[in-house]
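Here's the letter readout for the chains.
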Amino acid sequence: MKRHEGLDKLIGRTLYIDDLPLAGCLWGATVRSPAPRGRIRDVRIPDHLDRPGLIRVDHRDVPGPNVVSLIEEDWPILAADGVRHRHESVMLVAAESRDAARRAAAEIEVVIDLEPAVLDFRREPTAEQIQHGEDNVLKQLKIERGEVDEALAAAPIVVEGEYETGAQEHVYLETQGMAAWLDGEVVVVCGSMQCPYYVEKALTQALALPPSRVRVIQAATGGGFGGKEDFPSILAIHTALLALKAQRPVKLIYDRGEDMAATTKRHPSWVRHRTGLDEKGKLLVQDIEVLFDGGAYVTLSPVVLSRGMIHAAGPYACDHVRIRGRVMLTNSVPFGAFRGFGAPQTLFAIERHMDVIAQRIGIDPVELRRRNLITDGQPTATGQVINDGTDRQKVLRRALDLSRFEYKRGQHAAFNRDHDHLRRGIGLACFFHGAGFTGSGERTMKSLLHVAGLPDGRVEVLSASTEIGQGTITIFTQLVADRLRLAPEQILIAQPDTSRVPDNGPTVASRTTMVVGRLIERACDNLREKVGLAAGASGSELHEAILTWHREHPGEQLIGKARYQQPPGIEWDDKTYRGDAYGAYGWATYVAEVEIDLRTYTARVIDFVAVQEIGKVLNETLARGQIQGGVVQAIGWALLEECDWSEGGMANHQLTNYIIPTSDDVPSIRVAFLENPYPYGGQGAKGIGELPMDGPAPAIFNAVAAATGTDPRVVPLVPERLMELIES
Amino acid sequence: MIEVTFTLNASAVTVEIPPTERLLDTLRYRLSLTGTKEGCGEGECGACTVYLDGLPVNSCLLPTYQVRGRRVETVESLDPARLAPLHESGATQCGACTPGVAMTALWILDHRHLLRTHSLRELMAGNLCRCTGYNGIIEGIRQALYEQPGPPTDPGQS
Numbered sequence: 000m001k002r003h004e005g006l007d008k009l010i011g012r013t014l015y016i017d018d019l020p021l022a023g024c025l026w027g028a029t030v031r032s033p034a035p036r037g038r039i040r041d042v043r044i045p046d047h048l049d050r051p052g053l054i055r056v057d058h059r060d061v062p063g064p065n066v067v068s069l070i071e072e073d074w075p076i077l078a079a080d081g082v083r084h085r086h087e088s089v090m091l092v093a094a095e096s097r098d099a100a101r102r103a104a105a106e107i108e109v110v111i112d113l114e115p116a117v118l119d120f121r122r123e124p125t126a127e128q129i130q131h132g133e134d135n136v137l138k139q140l141k142i143e144r145g146e147v148d149e150a151l152a153a154a155p156i157v158v159e160g161e162y163e164t165g166a167q168e169h170v171y172l173e174t175q176g177m178a179a180w181l182d183g184e185v186v187v188v189c190g191s192m193q194c195p196y197y198v199e200k201a202l203t204q205a206l207a208l209p210p211s212r213v214r215v216i217q218a219a220t221g222g223g224f225g226g227k228e229d230f231p232s233i234l235a236i237h238t239a240l241l242a243l244k245a246q247r248p249v250k251l252i253y254d255r256g257e258d259m260a261a262t263t264k265r266h267p268s269w270v271r272h273r274t275g276l277d278e279k280g281k282l283l284v285q286d287i288e289v290l291f292d293g294g295a296y297v298t299l300s301p302v303v304l305s306r307g308m309i310h311a312a313g314p315y316a317c318d319h320v321r322i323r324g325r326v327m328l329t330n331s332v333p334f335g336a337f338r339g340f341g342a343p344q345t346l347f348a349i350e351r352h353m354d355v356i357a358q359r360i361g362i363d364p365v366e367l368r369r370r371n372l373i374t375d376g377q378p379t380a381t382g383q384v385i386n387d388g389t390d391r392q393k394v395l396r397r398a399l400d401l402s403r404f405e406y407k408r409g410q411h412a413a414f415n416r417d418h419d420h421l422r423r424g425i426g427l428a429c430f431f432h433g434a435g436f437t438g439s440g441e442r443t444m445k446s447l448l449h450v451a452g453l454p455d456g457r458v459e460v461l462s463a464s465t466e467i468g469q470g471t472i473t474i475f476t477q478l479v480a481d482r483l484r485l486a487p488e489q490i491l492i493a494q495p496d497t498s499r500v501p502d503n504g505p506t507v508a509s510r511t512t513m514v515v516g517r518l519i520e521r522a523c524d525n526l527r528e529k530v531g532l533a534a535g536a537s538g539s540e541l542h543e544a545i546l547t548w549h550r551e552h553p554g555e556q557l558i559g560k561a562r563y564q565q566p567p568g569i570e571w572d573d574k575t576y577r578g579d580a581y582g583a584y585g586w587a588t589y590v591a592e593v594e595i596d597l598r599t600y601t602a603r604v605i606d607f608v609a610v611q612e613i614g615k616v617l618n619e620t621l622a623r624g625q626i627q628g629g630v631v632q633a634i635g636w637a638l639l640e641e642c643d644w645s646e647g648g649m650a651n652h653q654l655t656n657y658i659i660p661t662s663d664d665v666p667s668i669r670v671a672f673l674e675n676p677y678p679y680g681g682q683g684a685k686g687i688g689e690l691p692m693d694g695p696a697p698a699i700f701n702a703v704a705a706a707t708g709t710d711p712r713v714v715p716l717v718p719e720r721l722m723e724l725i726e727s
Numbered sequence: 000m001i002e003v004t005f006t007l008n009a010s011a012v013t014v015e016i017p018p019t020e021r022l023l024d025t026l027r028y029r030l031s032l033t034g035t036k037e038g039c040g041e042g043e044c045g046a047c048t049v050y051l052d053g054l055p056v057n058s059c060l061l062p063t064y065q066v067r068g069r070r071v072e073t074v075e076s077l078d079p080a081r082l083a084p085l086h087e088s089g090a091t092q093c094g095a096c097t098p099g100v101a102m103t104a105l106w107i108l109d110h111r112h113l114l115r116t117h118s119l120r121e122l123m124a125g126n127l128c129r130c131t132g133y134n135g136i137i138e139g140i141r142q143a144l145y146e147q148p149g150p151p152t153d154p155g156q157s
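Chains A and B supply the protein sequences, listed in that same order. First residue of the first sequence? That's 0 in numbering that gives the first Met the number 0, and the numbers climb one at a time after it. First residue of the second sequence? That's 0 in numbering that gives the first Met the number 0, and the numbers climb one at a time after it.
Don't read these hints as lab results, they were simulated from the structure. Bear in mind the structure is a predicted one, so any value in this text is a computation, not a measurement. Virtual Cβ for every residue (Gly too), placed ideally from N, Cα, C. Among the clues, some could well be false.
The following residues of chain B were derived to be distant from chain A, with all beta-carbon distances above 10 Å [what the hints assert, rightly or not]:
1. V14
2. T35
3. R115
Incomplete in silico selection of chain A near chain B, CB under 10 Å [claimed, not checked]:
4. L9
5. R59
6. Y171
7. R255
8. G624
9. T655
10. I659
11. S662
Using C-beta positions, here's what the derived DEER-type ranges look like [claimed, not checked]:
12. A/M0 x B/S10: 49 to 57 Å
13. A/N656 x B/L54: 23 to 31 Å
14. A/E528 x B/L30: 49 to 57 Å
15. B/L114 x A/G183: 56 to 64 Å
16. A/M0 x B/R115: 46 to 54 Å
17. B/R115 x A/S539: 48 to 56 Å
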């Protein structure tokens, strides 16, 4: 099936929040902190702005507690006494035009008495820098299996390595934006978001209103990548506060510069491996330390850390594993959800480390992985026994075949000998990505989904899952069409609107097709049962049965329901961090071929092969698009995208000097799928959205190492960094 | 305020605007043609691509007064049938870059002689996309080049 809303998007007919007409609306803008940390001494409003025509909102206008409800209640809606990062929101204004609002915000001056800021998450904070608990540690976790210290002492070979990655900006092409208006007693918020019920929860708390007086609607959303998981909650509150104060509709739309400066990003990381092996390269023990930069507030950092740590040991079997992790407060913008959610950072470390090990002990990096890849019946770091029937060796083999890995290595040796300023290399990464929430998350979420039979005989999916570009609408239509044997024209997918759709969880964690997709199938079955039909019923029989039902139940609603049921055999202990961390894993091997120009020190990916086992592929074009888009976003992270920090703020907060890949910077991404249907996913699917973010960086770094004989350890490998490596 | 008259999607329009207003804002907020998107506001991303006298330009960098007496075409003027191959190939995901991509893609179809000296990836490099990884876009244009004949007065033929 082609993308449901594809043609509308191609001819610009899809209406995003900035496109929606909103009669009589004011425009909002945000006054922000100029400093990374300090007490607010004054907010100076020029006389000509101190007039009724300019709506102003500060922390005193928040009816409820002045915090955004996420994991912990520490992120202020508007800074009250002090600020903890540059570009933190201090005051909101609204005026008759967008320009007037932005000019006013720029003219209002926040005066800060500076306090000592933490600008490096790797350094122990001094006493004056402590702002959270006793040590600025936002969260600390440990995963341990076996006897790590003893095994390390006994291991014939121990290889150590440290690896770092920088922040990454999402650069969804549509910036953050929200509109709010009052509908009688109800505050309505509509905008660009991944998770309408997260926004609802944050609004009800901040506005001190019951859910019945808050309505959240998702507008067409131009990309998310995690960046519209956490941030829309604060933006929605800001917009609603302005609308309440003005008693008029308000739009608050960020421009690119503000969006890049003020919104969350990928957590910077530092990871240290100490790995014990035998002479044949068998992993005996892994001791891993993970450190993430959490930024100024907790936001989602604890769960990002947890996912990062669970993936830190890689897709390998090892008897003794210890992973210790901490996420630290710093005085920069809060780091938040970003495709992969901690796993790209730790998988970069382990997969680069595997090549470092191979080099150190003189073994082929492919062979090292082949010997250690986990097989069915073996446990992961958390003690989860993998038993999914996936042939992980076959995934690896297919990637080697498609990329002609061995042949290329030979060819590169000759190329590099003959060429005076170009060097080529090839590298790989083997990895995995757990789909759905970590641990007991899905069970706690208790997702509920409705499929309605409408009076005209059509069927409508009522779900809070959002279309953010990944294809939710198309996949849901497809799932219903197949399950109920209906034509796609007979199926509607409701716009996510908390006044209409039940809460089936956020659109995150690669969970929509796998977890919510399965709910759709079960709700379809329930609908069919309610009209008295058996599983084999045809679409026309169902259509007739729905019409008949409505004739017999005038004015009533016909709704098939499904609530999440945990697949059997899943055990997880949140206290000890042991057990089945994820219901299913995608497995992958990626191969990158790079060319380095020794005159410009630029590394360019010239071929890329992505092979993965992701359960059943439901829509080849959409699935391939997810992989290719994720790979290119990860190529950007690996080679181009560097957040340039200045006093805790992003200095290059514009697309002129924060460089993301163009079509001419990347090759065609070659994608292959192996299918091993997952019995508890929608039509056998496993999650794929985040997987492609994990593998490219280490594969590219391994290729650069092969091409140049250097040992790159820090993401991104921008030309300056590559020059230092080659010159030294 | 100044008065500016120009041709927009084959009709004459007159707008009264502040002298510094961007064409992008005139189109979106004055004339309600919201198909043209703002991605970066500084000419990097191409989401705001329109044709000015037949050439693709970034409407976020263009003051509206400069289009006085000239011909502007927006994504709303495109023939949807010509975009079918891009729909088929997965050229759009979130859709925010897509109108700009569609404008440049169809312009390439009408100026295919450029492919003798430039690669398709080079010609598309002015349109940033964060979702597709560009494969779906490039394949869609290739398919369209194959399916749709070039214009009769292709300057590349002379």
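Note to self: Hint compliance check: list the failing hint numbers for this structure, sorted ascending.
What the structure shows: Those not satisfied are hints 2, 5, 12, 16.
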